[in-house]
Amino acid sequence: MMMMIRMMMMMMMMTMMMHRMTMLMVIVMMMMMTMMLMMMIMMGRSRNNKLDRMRGCWG
Numbered sequence: 566m567m568m569m570i571r572m573m574m575m576m577m578m579m580t581m582m583m584h585r586m587t588m589l590m591v592i593v594m595m596m597m598m599t600m601m602l603m604m605m606i607m608m609g610r611s612r613n614n615k616l617d618r619m620r621g622c623w624g
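Note that the sequence shown covers residues 566 to 624 in my numbering.
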């Protein structure tokens with residue numbers, strides 16, 4: 566999980582350096598927020614309902 570967040574942060578920094586567009590930065594930030602929220606929800610679910618729920622989600 567932390568690795569994913571770190572990778573996203575690096576990608577954000579690269580986009581900032583390459584393109585100085587505020588719109589792009591906002592979109593990337595929104596994407597990061599949604600991904601983190603989804604990860605947190607998944608973590609909570611797996612913790613509450615053991616790993617069976619997670620296994621079912623991934624197939």
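No wet-lab data here; the hints were simulated from the structure.
Glycine included, C-beta positions come from ideal geometry on N, C-alpha and C.
Among the hints, a few may not be true.
FRET-style restraints, in silico, Cβ to Cβ [as the list claims (entries may be wrong)]:
| hint | residue 1 | residue 2 | range |
| --- | --- | --- | --- |
| 1 | Met605 | Met577 | 11 to 21 Å |
| 2 | Met575 | Leu602 | 17 to 27 Å |
| 3 | Thr587 | Gly609 | 31 to 41 Å |
| 4 | Met588 | Arg610 | 32 to 42 Å |
| 5 | Leu589 | Arg610 | 15 to 25 Å |
Hint-by-hint comparison with the structure:
1. Checked against the hint of 11 to 21 Å, the pair methionine 605 and methionine 577 passes, with Cβ atoms roughly 19 Å apart.
2. Here the CB-CB span from methionine 575 to leucine 602 is close to 20 Å, well matched to the stated 17 to 27 Å.
3. About 33 Å separates the C-beta atoms of threonine 587 and glycine 609, a value consistent with the hinted range of 31 to 41 Å.
4. As the Cβ distance of methionine 588 to arginine 610 is approximately 33 Å, the hint placing it in 32 to 42 Å holds.
5. Take leucine 589 and arginine 610: their Cβ atoms lie about 32 Å apart, and the range 15 to 25 Å is violated.
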